[in-house]
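Residue numbers (the working numbering), protein chains in the order written: chain A, 484 to 763; chain B, 2 to 179.
Hints were generated in silico from the structure; no laboratory data involved. Heads up, some of the hints might be wrong.
With a Cα cut of at most 30 Å, we get these calculated BS3-like pairs of lysine-lysine [claimed, not checked]: (1) B:K113 / B:K20; (2) B:K138 / A:K586; (3) B:K21 / A:K716; (4) B:K112 / A:K660; (5) A:K620 / A:K497; (6) B:K135 / B:K20; (7) B:K21 / B:K37; (8) B:K6 / B:K135; (9) A:K512 / A:K711; (10) B:K6 / B:K112; (11) A:K497 / B:K112; (12) B:K135 / A:K586; (13) B:K20 / A:K660; (14) B:K117 / B:K37; (15) B:K70 / A:K591; (16) A:K716 / B:K20; (17) B:K135 / A:K591; (18) A:K727 / B:K20; (19) B:K70 / A:K586; (20) B:K20 / B:K57; (21) B:K47 / A:K660; (22) A:K711 / B:K21; (23) B:K50 / B:K6; (24) A:K660 / B:K21; (25) B:K47 / B:K57; (26) B:K70 / B:K119; (27) A:K660 / B:K50; (28) A:K512 / B:K112; (29) A:K727 / B:K112; (30) B:K20 / B:K170; (31) A:K497 / B:K50; (32) A:K716 / B:K112; (33) A:K727 / B:K21; (34) A:K660 / B:K170; (35) B:K112 / B:K47; (36) A:K512 / B:K70; (37) A:K512 / B:K138; (38) A:K660 / B:K37; (39) A:K727 / A:K716.
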Amino acid sequence: MRIIHTDIIKREAKRLIYDCSFFVPPEIKEIYSMMLTEEDAPLARQSLSIILENGEIASREEIPLCQDCGSVIFFLEIGQDVHIEGSSLYDALNEAVACAYQKHYLRKSIVSDPLRRVNTGTNTPSFIHIDIVDGDKISLHVLLKGGGSENASALRMFRPTDSIDSIISFIEEVIVKAGPNPCPPIFLGIGIGGTADVAMVNSKKALLRPIDAPHCDPFYAELEERIKVTLNKTGVGPLGFGGKNTVAAVFIKEAPTHIASLPVALNLNCHSFRKGGIVI
Amino acid sequence: MEWIKIQTPIDDETISSLKKGDLCLISGRIITARDKAHERIEDFLKEGKALPFDLKGELIYYVGPTPPKEGMVIGSAGPTTSSRMDPFSEIMLSLGIKAMMGKGRRDETTKKLLVKYKAIYFATFGGAGAYLSKRIKSSRIIAFEDLGPEAVYELLVDDFPAVVAIDSKGDDIYEVKF
Numbered sequence: 484m485r486i487i488h489t490d491i492i493k494r495e496a497k498r499l500i501y502d503c504s505f506f507v508p509p510e511i512k513e514i515y516s517m518m519l520t521e522e523d524a525p526l527a528r529q530s531l532s533i534i535l536e537n538g539e540i541a542s543r544e545e546i547p548l549c550q551d552c553g554s555v556i557f558f559l560e561i562g563q564d565v566h567i568e569g570s571s572l573y574d575a576l577n578e579a580v581a582c583a584y585q586k587h588y589l590r591k592s593i594v595s596d597p598l599r600r601v602n603t604g605t606n607t608p609s610f611i612h613i614d615i616v617d618g619d620k621i622s623l624h625v626l627l628k629g630g631g632s633e634n635a636s637a638l639r640m641f642r643p644t645d646s647i648d649s650i651i652s653f654i655e656e657v658i659v660k661a662g663p664n665p666c667p668p669i670f671l672g673i674g675i676g677g678t679a680d681v682a683m684v685n686s687k688k689a690l691l692r693p694i695d696a697p698h699c700d701p702f703y704a705e706l707e708e709r710i711k712v713t714l715n716k717t718g719v720g721p722l723g724f725g726g727k728n729t730v731a732a733v734f735i736k737e738a739p740t741h742i743a744s745l746p747v748a749l750n751l752n753c754h755s756f757r758k759g760g761i762v763i
Numbered sequence: 002m003e004w005i006k007i008q009t010p011i012d013d014e015t016i017s018s019l020k021k022g023d024l025c026l027i028s029g030r031i032i033t034a035r036d037k038a039h040e041r042i043e044d045f046l047k048e049g050k051a052l053p054f055d056l057k058g059e060l061i062y063y064v065g066p067t068p069p070k071e072g073m074v075i076g077s078a079g080p081t082t083s084s085r086m087d088p089f090s091e092i093m094l095s096l097g098i099k100a101m102m103g104k105g106r107r108d109e110t111t112k113k114l115l116v117k118y119k120a121i122y123f124a125t126f127g128g129a130g131a132y133l134s135k136r137i138k139s140s141r142i143i144a145f146e147d148l149g150p151e152a153v154y155e156l157l158v159d160d161f162p163a164v165v166a167i168d169s170k171g172d173d174i175y176e177v178k179f
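Bound-form chain A, shown alone (with noise of 0.2 Å):
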């Protein structure tokens, strides 16, 4: 047994959320100075620079990358030998939350309640995950999730007769409704299989798959490149301007499922994606 305390945990999720906050990873740079070099029309381009100077300045001056600075959702893996010591794991993560949002200056977006809508001032309650794995060690991912892309999520219940073919069509029908609303270029999560709220969690774990990382699994690695592909045909292009990059990458995470369904969730993520994670 390991014991892990939660002050441990609050403080990386600090460091977490004002890293994301704030700061490009280089791999998400150099697809957007790709993508430049790709582009055509002057807005397309014009929207890729502003989006690569956008980085530069958050990260020089400590303004954050969007003014919408998320819900925070919380992923957590926690080895079943660990013990965890100190305040309650809720209590710690939301800690942190609120220390963070008032610290840097980051926007509190969460209201208590859905339909009364008052402001909580502190930005938590967070969305929090959490999965028993073997081991001991906890794996702590963060997301976070601005409205704008979010509010673009989908649910279809497939027959698990139809074919690829027409899940792909129903992504392609998604991505070009949502247009220039979820800001693209897009990192799209889709979970598939599981029943219907697995299949949404799931299309949001995918995203949490480092971002050069290919499918484990072949079959399913070809086709993430190929929903790429024919997205990238939509001409919906950067903020939706139009242009050749509609999607930065696409994510698929898949579960087992029900002889009579095949669930597909999609949850698109803003041009600005903002993740980290760390295994204490």
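Position chain B against the provided structure of chain A, taking the given hints into account.
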């Protein structure tokens, strides 16, 4: 690409000369409002109360900025999704606004109203809040302070970049057949 310099309040002649896809640099006073502020303006009108500000001739920017650090004018201040403000287009245009600015598509009703009221819809650069904040020279809350990031601010901007997304003829940059 040619940039067109624009001064607010935008006169009718400028509005009718701007075409979808024109890239503009806006300078002058603009007013912010997003979901809650629009809802409250509607409530004021329903209750027959006078608004605490005059919207005649104004450009409304859909933004909820981050709080400014000490010594800064404003925090990150990029556009939010405009379509959420579609239900309020008639009210806002009838109050005299001449331009709206945000990101993303508008509904057919808004498009028709822009033609009717000879007004214009600008899209600015989504997810570029840090970059855009540098074009904002001053900021002060003029109403609804209790709404926090959704309060109504008066901003003075200098060369604030935006694209004409729907012009006063109703031509729409997003209406491309993909």
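Outcome of the hint check:
Note on K113 of chain B and K20 of chain B: the hinted pairing holds, with a Cα-Cα distance of about 16 Å set against a maximum of 30 Å. Simply put, K138 of chain B and K586 of chain A have alpha-carbon atoms about 24 Å apart, close enough for the 30 Å limit, and the pair holds. At roughly 23 Å between alpha-carbon atoms, K21 of chain B and K716 of chain A fall within 30 Å of each other, so this suggested pair holds. Distance hint between K112 of chain B and K660 of chain A is fulfilled; the C-alpha atoms sit about 18 Å from each other, no more than 30 Å.
Note on K620 of chain A and K497 of chain A: the hinted pairing holds, with a Cα-Cα distance of about 19 Å set against a maximum of 30 Å. As the CA atoms of K135 of chain B and K20 of chain B are separated by approximately 26 Å, the hinted pair is consistent with the 30 Å bound. With a CA separation close to 29 Å, the supplied pair K21 of chain B and K37 of chain B stays within the 30 Å bound. Under the criterion of a C-alpha separation no larger than 30 Å, the hint pairing K6 of chain B with K135 of chain B is consistent with the structure, at around 17 Å.
For the hint pairing K512 of chain A with K711 of chain A, the CA-to-CA distance comes to about 19 Å; that is within 30 Å, so the pair holds. Only pairs whose Cα atoms come within 30 Å are accepted, and K6 of chain B paired with K112 of chain B is accepted, the gap being roughly 24 Å. Distance check on the hinted pair: K497 of chain A and K112 of chain B sit about 44 Å apart at the alpha-carbon level, beyond 30 Å; violated. Only pairs whose Cα atoms come within 30 Å are accepted, and K135 of chain B paired with K586 of chain A is accepted, the gap being roughly 21 Å.
Simply put, K20 of chain B and K660 of chain A have alpha-carbon atoms about 24 Å apart, close enough for the 30 Å limit, and the pair holds. This hinted pair checks out: K117 of chain B and K37 of chain B have alpha carbons roughly 25 Å apart, not beyond 30 Å. Pair hint K70 of chain B plus K591 of chain A holds up; C-alpha atoms about 15 Å apart against a cutoff of 30 Å. Between the alpha carbons of K716 of chain A and K20 of chain B the distance comes to roughly 26 Å, so the proposed pair stays at or under 30 Å and holds.
Distance restraint check for K135 of chain B and K591 of chain A: the Cα-Cα separation of roughly 21 Å lies within the 30 Å cut-off, and the hinted pair is therefore satisfied. Taken as a hint, the K727 of chain A and K20 of chain B pair is honoured in the structure, with Cα atoms around 23 Å apart against an allowance of 30 Å. Of the supplied pair hints, the one linking K70 of chain B and K586 of chain A holds, its CA atoms being roughly 10 Å apart against a limit of 30 Å. Of the pairs offered as hints, the one joining K20 of chain B and K57 of chain B holds, with about 22 Å between alpha carbons and a cut-off of 30 Å not exceeded.
With a C-alpha separation of about 34 Å, the suggested pair K47 of chain B and K660 of chain A falls outside the 30 Å cut-off, and the hint is violated. For the suggested pair K711 of chain A and K21 of chain B, the alpha carbons sit about 29 Å apart, so the restraint of at most 30 Å is met. A distance of roughly 37 Å separates the Cα atoms of K50 of chain B and K6 of chain B; the hinted pair therefore is violated under the 30 Å criterion. Pair hint K660 of chain A plus K21 of chain B holds up; C-alpha atoms about 20 Å apart against a cutoff of 30 Å.
Proximity of K47 of chain B to K57 of chain B is assessed by CA-CA distance (about 19 Å); at most 30 Å being required, the pair is judged to hold. A hinted pair counts as satisfied when its Cα atoms are at most 30 Å apart, and K70 of chain B with K119 of chain B does not qualify at roughly 39 Å. For the suggested pair K660 of chain A and K50 of chain B, the alpha carbons sit about 39 Å apart, so the restraint of at most 30 Å is broken. Among the hinted pairs, K512 of chain A with K112 of chain B is inconsistent with the structure: their alpha-carbon atoms are about 36 Å apart, more than 30 Å.
Distance restraint check for K727 of chain A and K112 of chain B: the Cα-Cα separation of roughly 27 Å lies within the 30 Å cut-off, and the hinted pair is therefore satisfied. For a cut-off of 30 Å, the pair hint linking K20 of chain B to K170 of chain B stands: about 8 Å separates their Cα positions. About 45 Å separates the Cα atoms of K497 of chain A and K50 of chain B, which puts this hinted pair outside 30 Å; it is violated. Pair hint K716 of chain A plus K112 of chain B holds up; C-alpha atoms about 27 Å apart against a cutoff of 30 Å.
With a C-alpha separation of about 20 Å, the suggested pair K727 of chain A and K21 of chain B falls inside the 30 Å cut-off, and the hint holds. Distance check on the hinted pair: K660 of chain A and K170 of chain B sit about 23 Å apart at the alpha-carbon level, within 30 Å; holds. Annotation: proposed proximity of K112 of chain B to K47 of chain B holds, straight-line Cα distance about 24 Å (limit 30 Å). Between the alpha carbons of K512 of chain A and K70 of chain B the distance comes to roughly 26 Å, so the proposed pair stays at or under 30 Å and holds.
At most 30 Å may separate the alpha-carbon atoms for a hinted pair to count; K512 of chain A and K138 of chain B meet this at roughly 28 Å. Restraint check for K660 of chain A and K37 of chain B: satisfied, since their Cα atoms lie roughly 25 Å apart, inside the 30 Å limit. Among the hinted pairs, K727 of chain A with K716 of chain A is consistent with the structure: their alpha-carbon atoms are about 7 Å apart, no more than 30 Å.
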